[in-house]
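Sequence lines, in order, name chains A and B.
For the record, in the first sequence the residue sitting at position 203 is 203 according to this note's numbering, with numbers rising by one throughout.
For the record, in the second sequence the residue sitting at position 276 is 276 according to this note's numbering, with numbers rising by one throughout.
Treat the hints loosely; a few may be bogus.
As the list claims (entries may be wrong) - Chain A regions said to be covered by chain B (calculated; three or more residues, Cβ under 8 Å):
no., region
1, 65-76
2, 82-89
What the hints assert, rightly or not - Derived DSSO-like pairs: lysine-lysine, alpha-carbon spacing no greater than 30 Å straight-line:
no., chain 1, residue 1, chain 2, residue 2
3, A, LYS85, B, LYS132
4, B, LYS132, A, LYS165
5, A, LYS165, A, LYS85
These are calculated hints, taken from the structure and not from any lab test.
Every value quoted in this text rests on a predicted model; they were computed, and no experiment measured them.
Ideal placement from N, C-alpha and C gives every residue a C-beta, glycine not left out.
Given next are the chains, with one letter for each unit.
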Amino acid sequence: MTTYALTDSWTMTRRELAHWARQPVQVLVALAFPVMLLMMFGYLVGGGRGVHGDYLGYLVPGMLALTMAFGLEGTMLAVTQDLNKGVIDRFRSMPMANGAVLVGRSAADMLQSALGLAVLTGVGYALGWRAHGGPGAFLAAMGLLLLFRFAMLWIGIHLALVAGKPELVQAVQILVWPVGFLSNAFALPESMPGWLGTVVGWNPMSHTATAVRDLLGGPGGEPGHAWAAIAWPLALLAVFFPLAVRRFARLSR
Amino acid sequence: MADTAITVEGVHKTYGDRTALDGLDLRVARGTVHGVLGPNGAGKTTLVRILATLLRPDAGRIQVAGHDIVTEAQAVRFRIGLLGQHAALDEELGGRQNLEMFGRLYHLGARHARVRAGELLDRFGLGDTGRKPVRAYSGGMRRRLDLAASLITEPEVLFLDEPTTGLDPRGRAEVWSAVRSLVGGGTTVLLTTQYLEEADQLADRISVVDRGRVIADGTADELKADTGGDRIDVVLRHPGQLGAAVALLPVPKEDVSADRDRRLISAPVTDRMAALSGVVRALEEAGIEAEDIALRRPTLDEVFLHLTGRDDRTKEAV
Ligand SMILES: Nc1ncnc2c1ncn2[C@@H]1O[C@H](COP(=O)(O)OP(=O)(O)OP(=O)(O)O)[C@@H](O)[C@H]1O
Ligand SMILES: [Mg+2]
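Here chain B stands alone, though its shape is the one from the complex (with noise of 0.2 Å):
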């Protein structure tokens, strides 16, 4: 198993009655993005506090960086790195005496924790906050200090706890590149996630997670051509005629989806071409005008519709 980061068999946690993970797996490679997607209450977090020993399993077997997260917790702690959900910061303290302080924990002597608290407070563009205490940070600051303290040790594996809710564009992007530059040394990522692009754009595999159980994995790729391939795609002239070219579509009328917003109606396709010259040719002989005709990949947001045959993604599922 040296090429396995991360192994999870069959864990279950509970909360007084409420099930947060029901039979769970998880198989992470070495030197690999895993994404964790799933709604709010999917038990995600649950799983990430568990990976960094901060929870104990109900049931089921952990293994992180080749140790027992239960029985070697202290082995697995040397070799891990969290950014959770909150900011996990002395808040009455400064950027400098934060990463100064956790980088003694980890035992890296006086002179080598300052070392690194510099080099890390430059790196994220925090290297002119003096002695402002992190209370008075913004958040995308804020995410920025917890992500270079959870860095401190360069982790074999990292987890990332919806590293980017919050933050703007720009925040953003720079969580992103800083998971790329990561994954790039050598370090091993699980990364949680409501936000389907950013799976798409950081995951080399994803596993979609709901009511505490894995409900699929795969590259997001293989996921997409899961939910039954392509897609077409028509934007229409007259919101009025929505209905009309519906029916007009070689597929049953509850795969199409329409949107009279934005005249848009949308089908699953099986053979690209053969749809495509059929649908174009049935919309003329009708009189229907279209104004854009487009065949696509699905995306995620409609593999993870079709997995979970539920639209609520962003409302609490409960």
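So that you can see chain A by itself, here it is in the shape it has in the complex (with noise of 0.2 Å):
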């Protein structure tokens, strides 16, 4: 059968393509979410506590991020509704290959999250926002920031393998909320409460949104945290890809 693993999560993917074909104004509100979200740090609130200067060039790697960590419900959601419909028993009835359709759901949201990077990058561009450090720079920022998307999304399909409902799903996405702005995504560790800090240091995104800062030159930025970026998502992934494979494979046999 894995001869037919490349055509058949070719299949998958396109079926995620035609959905948002028929549901453009679903694609476009997924990707102003973190437009939005940069006004209104940006502007609204107004300067990081413990950031000086160029607050833009802090916020626009952290929204990055951001947006990266909260693709992990996206996803859990998506998965959650197709394993709820009933396509989901003619797919298992047909001698496709096995996983094909974890890889399409996986490959649009990779997409989704890449158009999400544009998007935002220019946005801030709109606003004043710069990356100083060349192509190279830029192109291996984004490079951590998809593969930390990476990791969110093989999470976010194991949580909706395990939970199954679309009730649970909610009760995830309120989860991530705090687990996404317990980070340095809009303000520096150093100006938190000592335990706060701490748990901010060690959030994964924390590293990739500093690893992201030092490539692209802005505040912040520290060189030596493009490693804990990289072996973060790494480390995420050999868990949870395994996990859900696995899960998937024994689903309701």
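From the two separate chains plus the hints, produce the assembled complex.
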């Protein structure tokens, strides 16, 4: 069956793209949401605690990382909805490659995330944010962000497979918020009370944000976080990818 | 076993502490239609889902189209089609999109998948649905598209779980004629139903399932014969004479069924002619007027009642 793994995964990716074409508004809303957050924190809240000078240079990389983290919800919701649809029965009664459903999901989500990064950096640019450090560093930063998103994606798939019901998605959605905000996305850990700063420093998302800031030459960037920004997502993937795949193969059988 | 398409031996399945299948056995000959008849909760859907490799049995052995459904699930999937109790379609996409997608997943290749989708849409009268999403289809259209999807590869074995439930008479006739033409092409069909008439019309053989077991099987005629052969129906002119008429019949009172609204009494008979002349004479002597007297075979409803000893066919059997 492995010979068909690629074509089947592509067929399932096309299915997701066909859904986009049917629901363009939904896609646009998903893309607009981080832009809204960026505006809100950039202008309404105005200036992060402990950040001196170029707050936009601090905020934009933070928002990029936060958008990747929040992708977890979207993935989880989509997988949960899919699993509760009748069409899954037909897929499972057909000789298609095992897991193509999940690969299609992740391909579509990664594409949407890449699109989200493009929109957010574009809006940042329009607001006066500039990336310093050249195209190589920019692409490396985007790579780290997408790697982090990929880890979030498989956590999302695993949680969806474990939880199974749309009601439980809501609980996770609520939990994702503190995890997203208990990071250095908006403010420097040094400006927070001791224990909070420590938690924030540990958050994998903080490492990604710091490494991205370093690559894009914004305030709050520190060299040496790139390794943690690579190692954390890989470690999460090493745990959740096999768990999710196994869980899916055993599903309801 | 080359001429056996489905073999089910001693299959058990429980959900938590609820037993759905309790040692079910079944054998379906190649190229025939096998009806699985049972009330709500009998285990029909569980059986079909196990046969279609969606569920794993707790115990027992099952072969479909010559392959074991647990150890050779993928080989089985190449040879089966499934029309589940609920639509198994992508509701956001259109009919053509659905069929093309399934065709590609059966590895027909893009062009062949497109051609096949077109053929099936035309055959099931869905050729003009355009880009309309399945979500907006009527129940009958959705059922037809679902059936089309289960036929993409012209499967060796087709499972139909209550294929006509919820369809109007026209939709039902369409599904029936599709099933008949498939069998003409050599496909083996296992269909579940709560409609005795449907099993009677379509199935070569019938297994009556109740509480996860087969409680009887055979052709429709065999099942009817087992119930006690022929019956005599008498329609009276005056409902008030119902009781008196029941007492006249040459059978124990508890075997007679009486329906006051229809002024009908019905009883099993052994010797057709003797029973008929005997009843006519007895009614005349007692001065009871009959509007109609007829001899007939039992209906499958009566078979069912006889087998299960219950008349709650349409209610949840809990
Ligand atoms: N997922 C499940 N979890 C728990 N119990 C289940 C599940 N599916 C079925 N059951 C139970 O197993 C038994 C058999 O159910 P099944 O759906 O196979 O019956 P059925 O003959 O298809 O009924 P119907 O005519 O209503 O479709 C029932 O008692 C049902 O309540
Ligand atoms: Mg059922």
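Going through the hints against the structure:
no.: 1; hint: 65-76; in the structure: violated (count 0)
no.: 2; hint: 82-89; in the structure: holds (count 5)
no.: 3; hint: LYS85/A to LYS132/B; in the structure: holds (19 Å)
no.: 4; hint: LYS132/B to LYS165/A; in the structure: holds (28 Å)
no.: 5; hint: LYS165/A to LYS85/A; in the structure: holds (12 Å)
The structure shown violates just one earlier hint, number 1.
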